[in-house]
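Undergrad: Below are the chains, spelled out letter by letter.
Number of protein chains: 2
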Amino acid sequence: MDWRDQVRKVVPYVPGEQPQGTGFIKLNTNENPYPPSPAVEKALAAVDADRFRLYPDPEAGVLIGALSERFGLPKDRFFVGAGSDDVLGMAFLTFFNGSLPVLFPDVTYSFYDVWADLFRIPYEQVPLDEHYEIQAAGYDRPCGGIVIANPNAPTGLAKSLSFIREMVENHPDVVVIVDEAYVDFGGESAVGLIETYDNLLVVQTFSKSRAMAGMRIGYAIGNPELIAAMQAVKYSYNSYTMNLPAQIAGAASLKDEAYFKEQVDRVVATRERAKAALAELGFQVLDSKTNFLFCTHPEVDAETIFAALRTKKIIVRHFSGERVKAFLRISIGTDEQMDTLFAALKEIIGDGR
Amino acid sequence: MDWRDQVRKVVPYVPGEQPQGTGFIKLNTNENPYPPSPAVEKALAAVDADRFRLYPDPEAGVLIGALSERFGLPKDRFFVGAGSDDVLGMAFLTFFNGSLPVLFPDVTYSFYDVWADLFRIPYEQVPLDEHYEIQAAGYDRPCGGIVIANPNAPTGLAKSLSFIREMVENHPDVVVIVDEAYVDFGGESAVGLIETYDNLLVVQTFSKSRAMAGMRIGYAIGNPELIAAMQAVKYSYNSYTMNLPAQIAGAASLKDEAYFKEQVDRVVATRERAKAALAELGFQVLDSKTNFLFCTHPEVDAETIFAALRTKKIIVRHFSGERVKAFLRISIGTDEQMDTLFAALKEIIGDGR
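Chains U and F, in that order, give the protein sequences. Numbered per the working numbering, the first sequence spans residues 7 to 359. Numbered per the working numbering, the second sequence spans residues 7 to 359.
Treat the hints as calculated values from the structure; they're not laboratory data. There may be inaccurate statements among the hints.
Chain copies aren't distinguished; within one or between two, either way the pair holds.
[To be verified] The list that follows gives simulated cross-link-like pairs (lysine to aspartate or glutamate, EDC-like), each with its CA atoms no further than 16 Å apart:
| no. | residue 1 | residue 2 |
| --- | --- | --- |
| 1 | 281 | 293 |
| 2 | 32 | 56 |
| 3 | 15 | 231 |
| 4 | 318 | 345 |
| 5 | 32 | 63 |
| 6 | 32 | 345 |
I would like the entire structure built from these sequences, with the hints used as guidance.
TA: Next up, the structure:
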């Protein structure tokens, strides 16, 4: 026997590049181009460094309290973690322990199948239709659970609340996870349904609309029984997943809703402008409700464009999967960054034609 | 079918109380009584808040670089996580996937059996001897892995390096994890052995000796193959476990070794003084190489003392397990805090006798 025989074999998720140098225009990981609320910096500066010697509140009371206030829901509806990846991963581990396959789209956040593989959860990927839309029909069968990113990534397309309601009502016997990482940019949130359906878990993040990817804050909203089940699993893994700065920064962000709305509106306005500009360059652009655009050019290969942009220090995202390899996923930057992108694309497309 | 049938059933670890009010003398979770290095506060204050909008470096390069320098070992020997709980939990998930039981002491860090249960890992607890010492003989059999806390908790007793070498050499076919959460307070570290043995993983933390429990920083040291296996599992769960403040604060702490040594020496001096003071009050105190004392009083019940101290706003730790319920675990505070404790104990013991 060899210790290597016992090692868990996995094929990890590959995160987008995080270049450590400067001078890049970074449109590859759907970060917000604007900084978080000034209230965040202020709250962090006010922390007495002596508090770092103590364990943080395992219940993250300050952060949960601020979420409770923001959503007008009792505290026991919230679970927090180190980014929505931590929250989703823990939800998979908590709720998907049956023998029937968990269902999610074939084109969606590419961490879902990675978590399923990691935790040995059976799953099946339901194909999007030819317009890259999620189809209800494919989910109309017995399963171990359902995971829907809404809006979906990397397509950017959103489903209506009636679709989510249909999923949850048709599958009262399993947990339906709705991953709303991008919802603030134009989707319809299912948070209003959690008091009606005890099998619905909604997951959101501070990484996109709240411009706090560097802080790692995600949360789930659901009925107290779902949340308690996740808490038990969390307390069986790591009592203190949220460090003190994350708890304080997260709470501060939630208390500055005016700033939040303003930044989100700016990103949405730039997105709509970018959609038109890309169309003008000949791109086909899906109708995004997120802070990124998923687009393909009928004449110039996506990988060629990706590489050409990279030499100009503009980083976008390209996925190699069969159904998406013709596309680029472009995060929405500042107006200035997008103008630089359009100029670069004009050159590249012109050369490539 | 009900979604509840699929929920993972667990019995979580119960962390020590983290009172949110003031006025407590908190000697229950082995935190450092002194603040982290001033370099930590300075480094955090220098961070441009605009960086929070970006994902942190998934490789935690700044922190790994500082660890590499501190230990004089190449960077590929290090794995970092959100506290040593995150690191240990991930090590369990990565390395313990066989059918033979993983072995660890019956009295040890009470998270080991929780992780094993969470991940459905078979395990057996090997009894400490009558002096609460770890005995090599109990581990002399085929197994799925070995986990030794050295120094052990909550006993505080340390094993020699030759014992660790024996474990690692007798079990080349499985991974041996040495949990050195408390090693800086007087234990012998096994880090020097990792270049010799490819099945040895050493885990340490910033929560105790570096006074940074609130930041959640732990790390593992091992050969590159072990580290790569853990990285693959980590990247299959959460690409970014360490937020930006944790990476920066951790690196800053590692660069101020003079402060670190000074604070550790102070804690050790107080521990030795406390050991004598407790003995004078009639306690039997195990020979601690940590920042806590494990002690029992022949005349007054531990739970009685625990409760009496709690009414005086002094919080220590009491475990309910059969072999440890006669003991209290008392973290080392400042000299002043300890003097208050001794005075309180004198009253309680006097009353109880």
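Undergrad: The structure should be examined with respect to each hint, and the outcome stated for every one.
TA: Now for the hints, and whether the structure bears them out:
Taking CA atoms no more than 16 Å apart as the test, residue 281 paired with residue 293 passes inside one copy only; the shortest distance there is 8 Å, against 69 Å between copies. In this assembly of identical chains, residue 32 and residue 56 lie within 16 Å of each other by CA distance solely across copies; the values are 14 Å between and 36 Å within a copy. Only between protomers do residue 15 and residue 231 lie at most 16 Å apart by alpha-carbon distance; the minimum there is 13 Å, versus 33 Å within a single protomer. When the C-alpha separation of residue 318 and residue 345 is checked against a cutoff of 16 Å, the pair qualifies only within one copy, where the shortest distance is 14 Å, while the shortest distance between copies is 65 Å.
For a Cα distance limit of 16 Å, the shortest separation of residue 32 from residue 63 across copies, 14 Å, qualifies, whereas the shortest one inside one copy, 35 Å, does not. Proximity of residue 32 and residue 345 under a CA criterion of 16 Å is satisfied intra-copy only: 13 Å inside one chain copy versus 56 Å between copies.
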